[in-house]
Amino acid sequence: MTASYAPGQPLPQHLGEVIVEARGIEKYFGDHHVLRGVDLDVHRREAVMIIGRSGSGKTTLLRCLNFLEEPTVGSVEVDGLRVEADPLRARSRAHQEQIRQIRLRASMLFQEFALFPHMTVLGNCIESPTRVRGIGRDEAVTLADKFLDKVGLRDKRDEYPARLSGGQKQRVAIARALCMEPKVLLFDEPTSALDPELIGEVLKVMEELAHEGTTMIVVTHEMHFAREAADRVIFMEDGVIAEQGPPEQVLNNPHDARTRNFLRRFLET
Amino acid sequence: MAGGGVQRVGTIEEAGATRAAILDEIIAAQRRRRRWFRGQFAIVWIVLVGIVGLFLWSAGRVSWEFIASSGPYILGGAGVTILVSVVAMVMAIGLALLGALGRLSINAIFNSVASLYVSLVRGTPLLVQIYFIFFALPQAGIVLAAIPAGILALGFNYGAYMTEIFRAGIQAVPRSQREAAQALGMPEGLVFRRIVLPQAVRIVIPAIGNDFIAMIKDSALLSTISVTELLWRATRVGRSERQVLAAIAIAAVVYWILTIFFSYFQDKLEKRMARGDR
Numbered sequence: 001m002t003a004s005y006a007p008g009q010p011l012p013q014h015l016g017e018v019i020v021e022a023r024g025i026e027k028y029f030g031d032h033h034v035l036r037g038v039d040l041d042v043h044r045r046e047a048v049m050i051i052g053r054s055g056s057g058k059t060t061l062l063r064c065l066n067f068l069e070e071p072t073v074g075s076v077e078v079d080g081l082r083v084e085a086d087p088l089r090a091r092s093r094a095h096q097e098q099i100r101q102i103r104l105r106a107s108m109l110f111q112e113f114a115l116f117p118h119m120t121v122l123g124n125c126i127e128s129p130t131r132v133r134g135i136g137r138d139e140a141v142t143l144a145d146k147f148l149d150k151v152g153l154r155d156k157r158d159e160y161p162a163r164l165s166g167g168q169k170q171r172v173a174i175a176r177a178l179c180m181e182p183k184v185l186l187f188d189e190p191t192s193a194l195d196p197e198l199i200g201e202v203l204k205v206m207e208e209l210a211h212e213g214t215t216m217i218v219v220t221h222e223m224h225f226a227r228e229a230a231d232r233v234i235f236m237e238d239g240v241i242a243e244q245g246p247p248e249q250v251l252n253n254p255h256d257a258r259t260r261n262f263l264r265r266f267l268e269t
Numbered sequence: 001m002a003g004g005g006v007q008r009v010g011t012i013e014e015a016g017a018t019r020a021a022i023l024d025e026i027i028a029a030q031r032r033r034r035r036w037f038r039g040q041f042a043i044v045w046i047v048l049v050g051i052v053g054l055f056l057w058s059a060g061r062v063s064w065e066f067i068a069s070s071g072p073y074i075l076g077g078a079g080v081t082i083l084v085s086v087v088a089m090v091m092a093i094g095l096a097l098l099g100a101l102g103r104l105s106i107n108a109i110f111n112s113v114a115s116l117y118v119s120l121v122r123g124t125p126l127l128v129q130i131y132f133i134f135f136a137l138p139q140a141g142i143v144l145a146a147i148p149a150g151i152l153a154l155g156f157n158y159g160a161y162m163t164e165i166f167r168a169g170i171q172a173v174p175r176s177q178r179e180a181a182q183a184l185g186m187p188e189g190l191v192f193r194r195i196v197l198p199q200a201v202r203i204v205i206p207a208i209g210n211d212f213i214a215m216i217k218d219s220a221l222l223s224t225i226s227v228t229e230l231l232w233r234a235t236r237v238g239r240s241e242r243q244v245l246a247a248i249a250i251a252a253v254v255y256w257i258l259t260i261f262f263s264y265f266q267d268k269l270e271k272r273m274a275r276g277d278r
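Residue numbers (my numbering), protein chains in the order written: chain A, 1 to 269; chain B, 1 to 278.
Quick caveat, the hints were computed from the structure, so don't treat them as lab data.
Cβ atoms here follow ideal geometry from the backbone N, Cα and C, with glycine treated the same way.
Treat each hint with caution, since some may be false.
[Said to hold, decoys possible] In silico contact screen, one side only, chain B against chain A (beta carbon under 8 Å); selected entries:
1. I106
2. Q177
3. A180
4. Q182
5. L184
6. M186
7. P187
8. E188
9. G189
10. L190
11. R194
12. I195
So here's chain A without its partners, still in its complex pose (with noise of 0.2 Å):
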């Protein structure tokens, strides 16, 4: 296994299989070679954390997991279910509907929530579930309260997402992702676009979840956060994982010359 869970590691015992194996990602954006072979495991129940500089190809990866960017090339296999990058035929009907498959095991949340505008609460938490996955309305109304209640905001269920903040918006686009029942969640600076005194609300949802044993891969710049909910840390730089392993070790006492130089320049500013 070239992508071994972190160098001279054991695995801890809580985690389970190999769940997420992204395998020499590699993407270019024009000349601009943003990933330059990323080889990924994530087992399950596993929160992975990836922090770096912006420009590292922290959030391309994110996005090449559910297939947002169609790698150039590699190979992404979600719970069983593997995908080749295609990019020539990336719009092909077969390829479509695979890339589709991959994303109702690994779900994503974005940094601006992208609630839909045009339906309430509870109509985005049921809308795919009903279409989607064809459940009945009642069974995901039942779900989507499930998973509201979660994250404390059942009785928002019938609001707008307009009259919502900021940090409720997110915590709704989480509910709408549980909503699917990913075997994945992939957040992508969920707390970004947040204002400071919103981010800690999120936070601890995501890591309620953590704790429960939710697999979750985060982009990430709260490095407390990661410290507390993490299983594992990877740093990015130059669009290769850099350094990786446990967060004391990646955060506190890093081996590579390129995480400590980040690290200290992220804790002055």
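Got chain A; can you put chain B on it based on the hints?
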């Protein structure tokens, strides 16, 4: 109260009452000023329209009898005008939606057909298109009655302009909306139908309202192919009764009233849409 010794100005309740009275007075004054503005506004309109109307009335020897006898006939043309405009608008919206999808399509055939449609229609005058459909097509064996020909011409023409409106509206929906829907596993068709289109429609409604109002006025061009709408009726009775001035003036006023009516309606609709976003 600042400086000086203790100076009794009244109890807190009294101060509160004074404050409320002052506020009331300010609000009343503002209301008076607004009312005065509106009053002046209306007076200027009435005076100007009155002067022009009186001048034309006396100089043009307009007869009451003509207005009484032919007015209702001309007014009846408004029904045709609205009917033609509404049907053409429905057709234009359908064409515009298809056109916009084509213009955004990565399918070369679909895209080029839509682009050709927009280029051709926007590159030729509406009057030429009306003549083409009504006077030229019969030579190729395609004969249409005046009203269907007129509706077709207007619908085609506005469909092309509205294609660009729809395209802009669809593109104005943030990319993250599409991505969020995809991330929830929605297939492409569902993403468009349930997420992108409803938001695009909200964006384009003001522009479509404008186009509808413009179309009501452009439908006057159909008088040239004898669609019995407002202007056609006005010119017809105006000429035969030698009261062209009165007839055309009646038609103009009716167009004006229609425009004011639909603008008001559009304004209401726009405000209601905006409220849904708050």
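* Asked: Which of the numbered hints are not met once you compare them with the structure shown?
  -> Hint 9 is the one this structure does not satisfy, whereas the remaining hints hold.
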